[in-house]
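> Two chains, two separate frames, one set of hints: put the complex together.
In case you want the letters, here they are:
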Amino acid sequence: MMFLEANQVVKKYANHLALNEVNLQVPENSIYGLLGPNGAGKTTLIRIINQITGPDSGEIIFNGRPLQTDDVHRIGYLPEERGLYKKMKVGEQALYLARLKGLSRHDALKKLKFWFEKFEIQPWWDKKVEELSKGMQQKIQFVVTVLHEPKLLIFDEPFSGFDPINANLLKQEILALKKNGATILFSTHNMGSVEELCDHITLINQSKTILTGQIDEIRQGYKDNLIKFDFTGNETLIREKLRGNFNVEKVEAVNGHHTAFVKMLNDATINDMIGAVINDAQIHGLQEVLPTMNDIFIKVVEHSNLSKPEN
Amino acid sequence: MTILGPILFAAMMVLPAWFASMEDTSSKKIAVIDQTQQYANVIKDTDYLSFEWLESVQVESISNSYQGEGYDAYIIIEQDLLKHPDAVKIYSDAQITFDVKEHVSRNLERHLENEKLNSYRIDGLDAIIKDIHDVRVQVKTIKLGEDGSETESSTELLMGVSFIFAMLIYFFVIMYGVQVMRGVMEEKVNRIVEIIVSSVKPFQLMMGKILGIALVAITQFLLWVILTAGIVTAISTVFIGDASDVVAANGNIEMMQTMAGDGAADVSGFEKQFGNILAKALSIDLIGSLFAFLFYFIGGYLLYASLFAAVGAAIDSETDSQQFMMPIMLPLIISIYIAMAVFRNPAGDLAFWFSMVPFTSPIIMMARIPFNPPIWEVALSMTILVATFIFTTWFSGRIYRTGILMYGKKVSYKELWKWFRFAGK
Chain P
202 MMFLEANQVV
212 KKYANHLALN
222 EVNLQVPENS
232 IYGLLGPNGA
242 GKTTLIRIIN
252 QITGPDSGEI
262 IFNGRPLQTD
272 DVHRIGYLPE
282 ERGLYKKMKV
292 GEQALYLARL
302 KGLSRHDALK
312 KLKFWFEKFE
322 IQPWWDKKVE
332 ELSKGMQQKI
342 QFVVTVLHEP
352 KLLIFDEPFS
362 GFDPINANLL
372 KQEILALKKN
382 GATILFSTHN
392 MGSVEELCDH
402 ITLINQSKTI
412 LTGQIDEIRQ
422 GYKDNLIKFD
432 FTGNETLIRE
442 KLRGNFNVEK
452 VEAVNGHHTA
462 FVKMLNDATI
472 NDMIGAVIND
482 AQIHGLQEVL
492 PTMNDIFIKV
502 VEHSNLSKPE
512 N
Chain Z
33 MTILGPILFA
43 AMMVLPAWFA
53 SMEDTSSKKI
63 AVIDQTQQYA
73 NVIKDTDYLS
83 FEWLESVQVE
93 SISNSYQGEG
103 YDAYIIIEQD
113 LLKHPDAVKI
123 YSDAQITFDV
133 KEHVSRNLER
143 HLENEKLNSY
153 RIDGLDAIIK
163 DIHDVRVQVK
173 TIKLGEDGSE
183 TESSTELLMG
193 VSFIFAMLIY
203 FFVIMYGVQV
213 MRGVMEEKVN
223 RIVEIIVSSV
233 KPFQLMMGKI
243 LGIALVAITQ
253 FLLWVILTAG
263 IVTAISTVFI
273 GDASDVVAAN
283 GNIEMMQTMA
293 GDGAADVSGF
303 EKQFGNILAK
313 ALSIDLIGSL
323 FAFLFYFIGG
333 YLLYASLFAA
343 VGAAIDSETD
353 SQQFMMPIML
363 PLIISIYIAM
373 AVFRNPAGDL
383 AFWFSMVPFT
393 SPIIMMARIP
403 FNPPIWEVAL
413 SMTILVATFI
423 FTTWFSGRIY
433 RTGILMYGKK
443 VSYKELWKWF
453 RFAGK
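Sequence lines, in order, name chains P and Z.
Take 202 as the starting number for the first sequence in this note's numbering and just add one per residue.
Take 33 as the starting number for the second sequence in this note's numbering and just add one per residue.
Excised from the complex, chain Z in its bound form (with noise of 0.2 Å):
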């Protein structure tokens, strides 16, 4: 995990500038068979897709021969397709590809579309719709700094390093906190703990324990942003310097055609794409969204190892788990569907009250973090977390240190209550 997790967020950012620079170029020759005559020569060429209109082939033959004739796939028109729109397919023997079956239903349908305009017999209707496909909106975002200053951003990668944020904490205190479950079992299952809590107390070696982890998590934490900045760096100055042998190529089928009256202006290679990506990466606050990170991550982990560490002093094998695992993980996976809305409105309702809930703020919060949530808001939500894990550290704190003593009992909640209200000196 520790040379795997850099490596991963490198490709997080380098891949879709490189996708985008990607795309299928090898071709492709397609039959079509229009049993209804209507729509001969409708679907249109591209650079990489060839169709061919075949008029007097028989159905049943076609699916032999094709391939022998040097087809990679036919369709066949079987009806109209305006009173039976499912009456085209497609055959292959090969997965047919997304844009290839984008680009047929497109093109049918835009074909029917313009069937039915004419129907209507509108004068100078051509104008018209030529017109209408030359309205185009283009909305940039631009973040005004405090100075006045302009940043060009991107809603869409903020959403995607705020995606990334909240994902990060999820796994991050589910890895550790379950960890720390299974170090607090081990040593009761061990019968080592009774060893132990001789010579130093219980909730010592309950901190020990989650304090270890916690300081484990960080290392590997830190080992990761360091790689991945290295990775990032290495690869920028690779492809940045040299962009003589990348394609200029970009977007799918569709897009290509669009854009070949344009010309090749808005034509982007992958070095282009990758420096954008960058640059407005390097537009978030890193150092403010680090800090904060650290602090949810720290905190998040904290409140929730306390629980584990309760959990994992009071069942004897994992299997006993389940049932005290599922509330703990419950907020937690609530707050990841939760994050998806906050994606889309990090400024509403949702995200501020889910902010302040310390059993979701970890994840929310951080979601929040990459579109400059009030400051106020970030330390009254921090405050709550603070106290939060201080009370369930001395809330689990009774509950183990009762329950890595006690051997082969099963467990209930009511049990459980019991040994936090007597757990006595």
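Isolated chain P (complex conformation) (with noise of 0.2 Å):
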């Protein structure tokens, strides 16, 4: 089931068109990537599912019905450009923000306590904000959005700006979550994290939506046949015996050591480039690459804009 999906969604600016009929659907329970370079669109969809501005057509549907004012009680959202109030006390800004979203103040301390305690940082309670590091700030940051438990929680370009040792906090918080039942959507230019935590994404381009998928299929439908073939023995042999079916691309050869990259053409398999060179090489390893999240990313992005040219 989705938990949340965007219609048809569009949205002008004064001068430009941010959302061209964008739609998403993000099942429950899953890790949503929204990809996208700077200025594609992403944030404004974001603020369009956050309620802070509206669409001019198409509509949001939130756990199956219309997104409605009080949802926000259930949306948990840390944008990129995030701040708070530099002259307050950390534990006071905290249930302060925590009481917009809906908590009575009892429940609020009682989470507060448990997340200060978990993250350690209960010490901080009476420090004046401007007192903490950047990273410490995005701790806090970090505890109000996923405070009050949301069904869904959206996360805009959140390791930016972490140190490895948080961004590795905030990923596995992040795993965690997802087990606990969230539905989380976030929007990022790290593809790395892209890989190692999001099911699906949708990739926005000039306010369209240009790719969408599971991020398994998405990586095998573009892969482009390549095997990363790792062996001692003679190179100049090895690419005789692999002409025909076969494009060898590249050899790195260290100390006898080769690897060659090789792209398999006419239908050519596996098998069929073992047979080729297994009586002429000690063979180490042999492995089909799938192409990066970021190989994809460059490609289809670059792919579009040269199909759509700026007007």
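Hints may be right or wrong, so weigh each one.
To be verified - Here chain Z is said to cover these stretches of chain P; the calculated rule only asks that three of the stretch's residues, wherever they fall, bring their Cβ under 8 Å from a Cβ of chain Z: (1) 246-254; (2) 289-302; (3) 371-377.
These aren't lab readings, by the way, just hints derived from the structure by calculation.
Using N, Cα and C, we set each Cβ at its ideal position, and we do this for glycine too.
Shown next, in the form of structure tokens:
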């Protein structure tokens, strides 16, 4: 079942079209990546889901029915541009933001205590925000985002500005949230984290959806039959043997140990390739290379930019 | 400010009375060198100033020796003053007080006037002059109550009160309006606004900020009223109850001289002056004025604060605020100038029209309130004000909603207009 859907969402600003009939289908209890270059319209879509702005046309379906005003209490949002009141004390501020999300004072205090202890930030309670480092502030923002146990979590560029240790902590927390039943939508430029975390993605470029689907299927769909082949033996001979159905794109040789990248042509299979070289090389490894999300991203975006030149 | 304000206001009531009862009582001896030999003893001594005519002193030496000889200052008259009015100079190492200067020039002028009059050789001139000097008109202003009762009012005091009202509104609106602008800008620059607007609507956030600061302002104002009333009451019980050690003296040197002949009957002390001011202040409709003040303060504040909020949402730093602040501040500043004219003619056309224009009415109408303007004018002006602040709040809300989420963009008026038109849902 889809937990969150965007149907034909259009948003115009004064001088440009931010979203052009964008669709989104986020399955329940999944981690969904919203990708796209800067200025593609990701933040606009996220703001529409958060009801910060409204769409010009189209609709958002939340948990099976059109999005309603008090759904903000069931959504947690960590914006890309995030800040806190600098002069306010950490605890007071966390309490204030939690109560804006509809928690009672009692519940908010109880939950804050739990999270502050979990992240070992209890001693910061009475400190002013301006005394904290940026990483510390981000921990607090994260706590405030998840505190009211929202069914849907939206993270806009969550990893920007985190050091590797905190980024890893954040990753673990996102996975834990999923395990506890939340649905997570996040937008990022960090393709490594997309491969690690996401089940599904949608790629937006120039206000339009240009790619959507399950991440494994997409990677399969964009593979270009490239094999990574480790061997020792005569390089020239191997090139000779692979002529015809295969194209050797690159060979790296270190101390007589070769790594070749071989493209399979004419519906050739890995088995065919093994057959061709088995008598002339000592095979150390053979592996199909799936394109990284990074490669796919660049390829798809550049392709769509070419087919749709700037007016 | 909370404590300082009431002390300041109490001082405004107490100090004029105190100043009036105070004078410069240190004696001064002043040497006069008259090189023309025409003006001997023309400048009269007073209780505290004595003038000595030195005959044969060299101008060059006096500047070194006058202090040694016990003079506080010296005057040199170089030429015939009828031909060269600026040929008299006062020298001193301390600043010459205004009173001394006035005393010297007035004595000389009177002497010259007399000389001229004498040159016409009119018979019985002295009698005529004395006759002329006895003519004196004292206008008292009486305010008629609705029941026909008469209260003596003081035009000067009404002007003073209306000036204070006008200035207070001006001061409050700017102070708290700018506070709204800063608050909005801070939230935007901090980027916390994006977190908050995912929980509440931008319009709610803006109104929350405006109303919150309004409540701070009202609390502050009421505190001032109560504390001022407290301090004034305290002073009045202390002084009006006990008059024995208050110096019974009044006015500057000149007044002392003219009054000397009338006897001491008109000389009033601090406690009488103060009692006077207090009585006249109480003759103003305090409750009505307070209500009008609160209304115009809140109305004017809401009108301007919403505009300030829109400016705060449009800018990224305070330095950018100038170009947008100017058109907002302008009507306020102009109001103060118009108010100056309104004090003199509180029922004129100028006063009427500018107390209808909502951008100036909070200040102008408040300046008129002590003069009891017609009720229908006040009601009309209030209605226009309310209608306008509803409009500006709506207008600013649209700009605000777009502005708070626009970072790092240099904003022009054209851009603001676009935000307003395309504010969407």
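> Work down the list of hints and note, for each, if the structure agrees.
Results for each hint:
1. 246-254: With 5 residues in contact (Cβ-Cβ under 8 Å with chain Z), the coverage given for the segment 246-254 of chain P holds.
2. 289-302: Result for this restraint: holds, n = 3.
3. 371-377: With 0 residues closer than 8 Å to chain Z, the segment 371-377 of chain P misses the three-residue bar; violated.
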